[in-house]
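Throw the hints in and build the complete structure from the sequences for me.
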Amino acid sequence: MSLATLHITGPLATITLNRPDSRNALSPDLLASLHARIDELADRCTPKPERTDSGPHVCILTGAGRAFCAGMDLKAVLGDPDTARSLLLSLAEFTYKLRQLPCVTVAVVNGPAIGGGCGLVAVCDLALTYTDNKMGFPEVDMGVCPAVVAPWLVRKIGPGRARQVLLTGGLLSGLQAHALGIVTTCVPTPADLPAAAETLTTRLAAGSPHALRATKNLLNDLDGSTDWPLLEAAANLSANVLNCPESQAMLRSKLEPSARQ
Amino acid sequence: MTTPTPNPAEEVYAHIDAHTGYIVLNRPDKRNALTPAMLDLALAHLHTLLTPPPTGQPACRAIILCGQGAVFCAGFDMQLVHNDPATLPALLTGLSKLVRALRRAPLPVIIAAHGGAVAGGCALLGGGDIIVTDRDAKLGYPVLKLGISPAVTIPALRQALTDGQTRERVLDTDLITGQHAYDLGLAHVCCDIREDVLPAAQRIAKNLANKPPHALAATKQLLNHLEGTDADEPFDRALAASFSLAGSPDQRARVAALWN
Chain P
9 MSLATLHITG
19 PLATITLNRP
29 DSRNALSPDL
39 LASLHARIDE
49 LADRCTPKPE
59 RTDSGPHVCI
69 LTGAGRAFCA
79 GMDLKAVLGD
89 PDTARSLLLS
99 LAEFTYKLRQ
109 LPCVTVAVVN
119 GPAIGGGCGL
129 VAVCDLALTY
139 TDNKMGFPEV
149 DMGVCPAVVA
159 PWLVRKIGPG
169 RARQVLLTGG
179 LLSGLQAHAL
189 GIVTTCVPTP
199 ADLPAAAETL
209 TTRLAAGSPH
219 ALRATKNLLN
229 DLDGSTDWPL
239 LEAAANLSAN
249 VLNCPESQAM
259 LRSKLEPSAR
269 Q
Chain C
177 MTTPTPNPAE
187 EVYAHIDAHT
197 GYIVLNRPDK
207 RNALTPAMLD
217 LALAHLHTLL
227 TPPPTGQPAC
237 RAIILCGQGA
247 VFCAGFDMQL
257 VHNDPATLPA
267 LLTGLSKLVR
277 ALRRAPLPVI
287 IAAHGGAVAG
297 GCALLGGGDI
307 IVTDRDAKLG
317 YPVLKLGISP
327 AVTIPALRQA
337 LTDGQTRERV
347 LDTDLITGQH
357 AYDLGLAHVC
367 CDIREDVLPA
377 AQRIAKNLAN
387 KPPHALAATK
397 QLLNHLEGTD
407 ADEPFDRALA
417 ASFSLAGSPD
427 QRARVAALWN
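Heads up: the protein sequence lines correspond to chains P and C, in order. For the first sequence, the working numbering begins at 9 and goes up steadily by one. For the second sequence, the working numbering begins at 177 and goes up steadily by one.
No lab work stands behind these hints: they were computed from the structure. The beta carbon of each residue, even a glycine, is placed where N, CA and C say it ideally should be. Treat the hints with caution; some may be incorrect.
Unchecked claim - Mimicking BS3-like on lysine-lysine, the simulated pairs with C-alpha atoms at most 27 Å apart in a straight line are:
{"id": "1", "chain 1": "P", "residue 1": "K83", "chain 2": "P", "residue 2": "K105"}
{"id": "2", "chain 1": "P", "residue 1": "K142", "chain 2": "P", "residue 2": "K105"}
{"id": "3", "chain 1": "P", "residue 1": "K83", "chain 2": "P", "residue 2": "K142"}
{"id": "4", "chain 1": "P", "residue 1": "K224", "chain 2": "P", "residue 2": "K105"}
{"id": "5", "chain 1": "C", "residue 1": "K382", "chain 2": "P", "residue 2": "K142"}
{"id": "6", "chain 1": "P", "residue 1": "K262", "chain 2": "C", "residue 2": "K382"}
Stated by the list, open to error - Here are a few chain C residues that face chain P, going by a calculated C-beta distance under 10 Å:
{"id": "7", "residue": "P284"}
{"id": "8", "residue": "D305"}
{"id": "9", "residue": "I306"}
{"id": "10", "residue": "I307"}
{"id": "11", "residue": "A332"}
{"id": "12", "residue": "R334"}
{"id": "13", "residue": "Q335"}
{"id": "14", "residue": "A336"}
{"id": "15", "residue": "L337"}
{"id": "16", "residue": "N383"}
{"id": "17", "residue": "A391"}
{"id": "18", "residue": "L399"}
{"id": "19", "residue": "H401"}
{"id": "20", "residue": "T405"}
What the hints assert, rightly or not - A few chain P positions that, by computed beta-carbon distances, are all more than 10 Å from chain C:
{"id": "21", "residue": "S35"}
{"id": "22", "residue": "P55"}
{"id": "23", "residue": "G87"}
{"id": "24", "residue": "D88"}
{"id": "25", "residue": "P89"}
{"id": "26", "residue": "T193"}
{"id": "27", "residue": "P196"}
{"id": "28", "residue": "T197"}
{"id": "29", "residue": "A204"}
{"id": "30", "residue": "R211"}
{"id": "31", "residue": "H218"}
{"id": "32", "residue": "A222"}
{"id": "33", "residue": "N225"}
{"id": "34", "residue": "L226"}
{"id": "35", "residue": "N228"}
Written out as structure tokens, the structure reads:
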């Protein structure tokens, strides 16, 4: 079974993070699979002479199992600076592709969305979750700089609130994430999520693909979402902080219980 | 560095407690109305708090800016502006320098804006990463009434608010409540009563002091870069706009009218 799956039903595409045993943590392999699925979807949306339809114009991003995404798989890159850097660049590139996708993107946040996982939520155009979900950006607590997600969060909730959220670290409830504007819809329980997601995506799918894509492109231009060099620099900054001795020592003590004294 | 000794005789004093550096506006009988000397002193204290000791770890990991007395800060001391036209440019320059320095401090800055933060006092909030206020506090920029441009506050304010909200706040001279400021995103924490503001700021500072300083510093620096407040250009331009009205006959007449 692939680590990320793509299902297309008419105008609706669904990309699912499918590494439930590891709470869909973003490992190099999962990110490689996500890249493959999103490239496939982008190709499916590209007009070609042999195609009669314009491809999907609504895309759900969600997680298999109980978590949406536990964030970067930091354990996999501990003590390996080159892999850490390429993982962060891969995440940055995936967020960029997700933003440029000619679909309105909807994060269905079915469970915890932490760090880079919450970053994926911020990249999507719309997001739904439930009241007592666990979300947020605890990167600074771990000695990590949330640089890849910062540009997206600043665009999503504004620089002032992003400053509070990213510098304070810790976790947010679904309700708090909704109040901050990180998610756009908050339902009472996880059981309410599928129906709410279906109502929303059905409404979106009924819109004109042409008008929707033009609007999304304009919004991306207006808010600087097409600035790849900024994102690449952010990924390198994040790698520099992650690979410094202080962060490595801190991560080792948090991620490897045997290293704790 | 030696820990600065609290000096209640100073109109702005500083001290360090539990890894938090405090800069305290201390002119409570004038509602902490700002003088050029106070702004210079606040900046000097900030530099001292940020200077690492010759050996060992930096003494503080977060900064709290707060005020003694009933309110955080009532703005510029208009009596001084009335007495000496040279005061206003000095106040605007001092304010702009202090806001930039707080914004660029490599550790989190929390502002405990209890009771009220008006005009130049509200502009100080632009230097903070996290703003704490209380529900009934009075906040805003009523300086157009005095023929003074609130331009100097705009570069930082527009990061907290949307463009539409920023225009409304600097053009409308009405004051808003702390609750309204919280709803807008101008404040991040809103306490029920003003007495709770400083303790809330202290809890935030304590939480932040436990986080790795290098990750906080890198994150803050990136946020400054993303919003452009790491550059002097927007601040210099805003200062020039505020300067352009300072000392004009209209401004002087409006300030003089406060005493007539």
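>> Are any of the numbered hints broken by this structure? If so, which, sorted upward?
In response: none
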